[in-house]
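Respectively, the protein sequence lines represent chains A and B. Heads up: the first sequence at position 28 corresponds to 28 in the numbering used here, and the numbers run straight through without jumps. Heads up: the second sequence at position 106 corresponds to 106 in the numbering used here, and the numbers run straight through without jumps.
Check the hints yourself; a few may be wrong.
Claimed, not checked - Below 25 Å or equal to it, Euclidean Cα-Cα: the simulated DMTMM-like pairs (lysine to aspartate or glutamate) are:
| id | chain 1 | residue 1 | chain 2 | residue 2 |
| --- | --- | --- | --- | --- |
| 1 | A | K57 | B | E101 |
| 2 | A | K63 | B | D1 |
| 3 | A | K63 | A | E9 |
| 4 | A | K17 | A | E5 |
Stated by the list, open to error - To give an idea of the chain A side of the interface with chain B (calculated C-beta under 7 Å), a few residues:
| id | residue |
| --- | --- |
| 5 | G43 |
| 6 | P44 |
| 7 | F46 |
| 8 | E93 |
| 9 | R98 |
| 10 | L100 |
| 11 | S104 |
Hint data in this document are derived by calculation from the structure and do not stem from the laboratory. Predicted, not measured: the structure shown is a model, and the values here were computed from it. Ideal placement from N, C-alpha and C gives every residue a C-beta, glycine not left out.
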Amino acid sequence: SQKIEQNSEALNIQEGKTATLTCNYTNYSPAYLQWYRQDPGRGPVFLLLIRENEKEKRKERLKVTFDTTLKQSLFHITASQPADSATYLCALEGTGRRALTFGSGTRLQVQP
Amino acid sequence: DSGVTQTPKHLITATGQRVTLRCSPRSGDLSVYWYQQSLDQGLQFLIQYYNGEERAKGNILERFSAQQFPDLHSELNLSSLELGDSALYFCASSVGQGLWETQYFGPGTRLLVL
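Please put together the full structure from these sequences, using the hints given.
Set out below in structure tokens:
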């Protein structure tokens, strides 16, 4: 069956360090993968999209990698700040490429 | 602020009742998506409309229905409500209908069924 797995345990890191979040998927062949940020009680906010032919994408302090062989995407936040504390969701095309399927998200807590 | 508006912000109702959630997309966006987010299920896609037509359907219950009007706003109707329908309901919009397009999410409607 199809699965998107993100670490359900919260990730706690110190301010200034690099946070690395993982998104693994099974039985999908996505042409692209997206990352969103969600704060408690608010709607997700789009961060980055990476296509299957792109190994890496950067935007300011964010970096996403996409390994279609390993079926994995890594999301990095460098020089993390307490304001980066949120839940991060990965999303990719679901069955029939008709809709986005979201992972359950990983909560990041950056300690000052 | 994403530019997507949803009303009401909060809704408390009883089992068996019917409610309507409303969404106005960003100016210029033709696609509207509805999602349900509960603690145990995560963010689940319900349905998508593009320029007034149903475009894609997810795990939407038969008790739920939606439509997109000529002015592009959308409504999600939930009927015969059950306790398990308590959740955050998000609307999102995008310019076109491609899944590669950025989806802009509204602030959500928090539904509590008692």
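Going through the hints against the structure:
For the suggested pair K57/A and E101/B, the alpha carbons sit about 16 Å apart, so the restraint of at most 25 Å is met. Between K63/A and D1/B the alpha-carbon distance is near 24 Å, which keeps this suggested pair within the 25 Å criterion. Our distance criterion of 25 Å between C-alpha atoms is met by K63/A and E9/A, whose separation comes to about 21 Å. With a C-alpha separation of about 24 Å, the suggested pair K17/A and E5/A falls inside the 25 Å cut-off, and the hint holds.
Contact between G43/A and chain B, as hinted, is supported at the beta carbon level, the nearest pair being about 3 Å apart and thus within 7 Å. The closest approach between the C-beta of P44/A and any C-beta of chain B is roughly 5 Å, which is under the 7 Å cut-off, so the hint is satisfied. The beta carbon of F46/A is positioned within 7 Å of a beta carbon in chain B (closest approach about 5 Å), and the interface hint is therefore held. With a least beta-carbon distance of about 5 Å to chain B, the hint placing E93/A at the interface is held under the 7 Å criterion.
The closest approach between the C-beta of R98/A and any C-beta of chain B is roughly 4 Å, which is under the 7 Å cut-off, so the hint is satisfied. For L100/A, the interface hint holds, since its Cβ comes within 7 Å of a Cβ in chain B; the closest pair sits about 6 Å apart. Hint status for S104/A relative to chain B: holds, with the closest Cβ pair at about 4 Å, below 7 Å.
In the structure shown, no violation is registered for any of the earlier numbered hints.
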